[in-house]
Amino acid sequence: MSEHSTYTPGSGIEKWLDERLPIIRFSKEHLMDFPTPKNLNYWWTFGAILVMCLGIQIVTGVILAMHYTPNIGMAFDSVEHIRRDVNGGRMIQSFHAVGASMFFAAVYIHIFRGMYFGSYKAPREILWILGVLIFLLMMATAFMGYVLPWGQMSGWAATVITNIFAAIPIVGTPLLELLRGGFSVGNPTLNRFFSLHYLLPFVIAAVVALHIWALHVPGNNNPIGVDVKDTKRDTLPFHPYYTMKDAFGMVLFLIPFAWFAFFAPDILGHPDNYIQFNSQVTPAHIVPEWYFLPFYAILRAIDFNLLFIDSKLLGVIFFGGSILILFFLPWLDTSKVRSGNFRPMFKWFYWLFVVNFVALTYLGAQPAEGIYVILSKICTAYYFIHFIVILPVLGRIETPRPLPTSISESVLGKAH
Amino acid sequence: MFNTKTILAAVALVASLALPAAAQEGHSTPHIDKQSWSFAGIFGTYDQNQLQRGFQVFREVCSNCHSARLIAFRTLAEEGGPGFSDEQIKALAAEYEIADPTADGGVRKGVAADFWPSPFATEQDARDANGGALPPDFSVLAKARGVTDAFPFWIFNYFTGYSEGGPDYIHALLNGYHEEAPEGFELAEGKYYNDYFPGHAIGMGPPLADGLVSYEVAEGEAEVPLTLQQYSTDVAAFMMWMGEPHLAGRKQTGFVVLLFLVLFAGLMYATKRRIWQGIEH
Chain A
1404 MSEHSTYTPG
1414 SGIEKWLDER
1424 LPIIRFSKEH
1434 LMDFPTPKNL
1444 NYWWTFGAIL
1454 VMCLGIQIVT
1464 GVILAMHYTP
1474 NIGMAFDSVE
1484 HIRRDVNGGR
1494 MIQSFHAVGA
1504 SMFFAAVYIH
1514 IFRGMYFGSY
1524 KAPREILWIL
1534 GVLIFLLMMA
1544 TAFMGYVLPW
1554 GQMSGWAATV
1564 ITNIFAAIPI
1574 VGTPLLELLR
1584 GGFSVGNPTL
1594 NRFFSLHYLL
1604 PFVIAAVVAL
1614 HIWALHVPGN
1624 NNPIGVDVKD
1634 TKRDTLPFHP
1644 YYTMKDAFGM
1654 VLFLIPFAWF
1664 AFFAPDILGH
1674 PDNYIQFNSQ
1684 VTPAHIVPEW
1694 YFLPFYAILR
1704 AIDFNLLFID
1714 SKLLGVIFFG
1724 GSILILFFLP
1734 WLDTSKVRSG
1744 NFRPMFKWFY
1754 WLFVVNFVAL
1764 TYLGAQPAEG
1774 IYVILSKICT
1784 AYYFIHFIVI
1794 LPVLGRIETP
1804 RPLPTSISES
1814 VLGKAH
Chain B
41 MFNTKTILAA
51 VALVASLALP
61 AAAQEGHSTP
71 HIDKQSWSFA
81 GIFGTYDQNQ
91 LQRGFQVFRE
101 VCSNCHSARL
111 IAFRTLAEEG
121 GPGFSDEQIK
131 ALAAEYEIAD
141 PTADGGVRKG
151 VAADFWPSPF
161 ATEQDARDAN
171 GGALPPDFSV
181 LAKARGVTDA
191 FPFWIFNYFT
201 GYSEGGPDYI
211 HALLNGYHEE
221 APEGFELAEG
231 KYYNDYFPGH
241 AIGMGPPLAD
251 GLVSYEVAEG
261 EAEVPLTLQQ
271 YSTDVAAFMM
281 WMGEPHLAGR
291 KQTGFVVLLF
301 LVLFAGLMYA
311 TKRRIWQGIE
321 H
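Which chain is which? The protein sequence lines are A and B, in order. Just so you know, the first sequence maps onto residues 1404 to 1819 in our numbering. Just so you know, the second sequence maps onto residues 41 to 321 in our numbering.
Some hints could be false.
Computed from the model, here is a short list of chain A residues facing chain B with C-beta under 8 Å [stated by the list, open to error]:
#1 1438
#2 1494
#3 1631
#4 1635
#5 1647
#6 1661
#7 1675
I should point out that these hints are in silico values taken from the structure, not numbers from a laboratory. For each residue, glycine too, the CB sits at the ideal point set by N, CA and C.
Let's have the full structure, built from the sequences with the hints guiding it.
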């Protein structure tokens, strides 16, 4: 990894430091000189945007934790106290809550970008797996964070989601009680969720470091999916080219972010969460935050037994499987060609998968009745068919379009 | 190369993922007319006179049964709110008795830092006095209610920043009472029929009526009609303020922030282009 280094310590102190902890050399190699394909499009700025999102969540979150009280009698009021009486509290809270939605919006774009351009293919399998792991950790963190304001949706989300684990044979009930810290959702639940909600973002940050490490071994994939052949002709140093492009992307991303945070901070949430949690009153519809809806739709779509597996466990298997299957994506996709741009058939199926995913999101928000139940089942089935049938088969029957021999050739070909 | 299509596609993808969240609320509520609120939109601020009128309605009518436990007297003097003076707040607070175990006799006169005293000591007392129904706390009630729009109209809400579903619902509810339930509707003893309340049978009788509260008219100002329509609008606005007291400041800052971000993004783009000049990519 050090072959890109052009660093020569400029002063005596730098030389002294470089022999003991080469942190400046490391930063120069990885944050400045790192050779990056010159053809990356704006979809590639979402990596930097996600780092920014994590930063915003941690900074606002640490401040919120200074004023929040994790006690079922005081949690709801303490969030209101932050909004009303803490200096700048209304905006800090709003950035944190809206930030969760923006974080997921960015991560979905990032994941779907990886899927289209085949960024999970060799030699980037570990990079992809770490990414899925981050996604899982994000889901756990977001879910536990959503419980903290202790509104109706918070408490009922905690009840419904912890209940899922009870379906697991043998360990289910002990696991449920461990998660809740008791037989029902109560003060111990809130306390452990608060503790974990504070811990997990730092675990995410650590896995992000691994993710970037794994990225810096093979280097970036790129829109044509052809490996870098000639560092000089195919790549640019990360700084200033991509630092600038990413910074522009981040500022652009902050515009819708600020729009929601300042003008409609509650529009992405549910009004019921402004009612304090009451375990005796069930809301008319319990719905998760929008970013969980596709998986929630899959969970609910399974309302039938299969052989000796009852519907509850089967739902959990599908629910868990819908995320776990992403870990195997690098081996399910048998095509050698990375970029969807050169795969005429894959392109269609990719967009069909996107439409199907959006449909699942929509269905997750609908009541489980009538036509929605059947549609949920069809969409759930298609979600899995895409991974288990379509991707493996496509790689065998598809004739990809001819690939450019190098990044520089493709770039010049495009030039007018 | 700056690819506008790419950005548009990104926005569309996020939007299509985020939008269905709007459709997640109840689906059988009747249509609710949206009112024109001074605090709507990106330049929205509260109408000080309206908040003062709404406060009067709250104080003379609603607060007899409804608590507002998160509202401190001092908040009423804060910027962007009803705009009472510190003296007015002091005098107002002193009119109330506050339960305080450390005071002589367990009660003392209120001060500006006290929270709005609840009309009932316990939840059970509140239920007993209201035929078993619990009058909900007003502190964030305006944000705990909403309006559902049919597809595709809710999509526009994300672009207009529509956040006034609560006051719209409250306004509709206060105007939605019928003296008699429609034929065939079984109304339980002690319940009232309301068009907009979920299930239609509400425990609260019509709280407001024409002429119930008399507004003072300042010299040189137009008289405000003493009608149910007017009261309900005023009190709904006041309830929105209770739920979101820093709304005006938030939106003002937001406008400056957005303006900055748009200009900054423009400069960033120009810089980016300059740096990438002459590089085929």
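(request) Provide an ascending list of the numbers of those earlier hints which the structure does not satisfy. (result) Violated hints: 1, 3, 4; rest satisfied.
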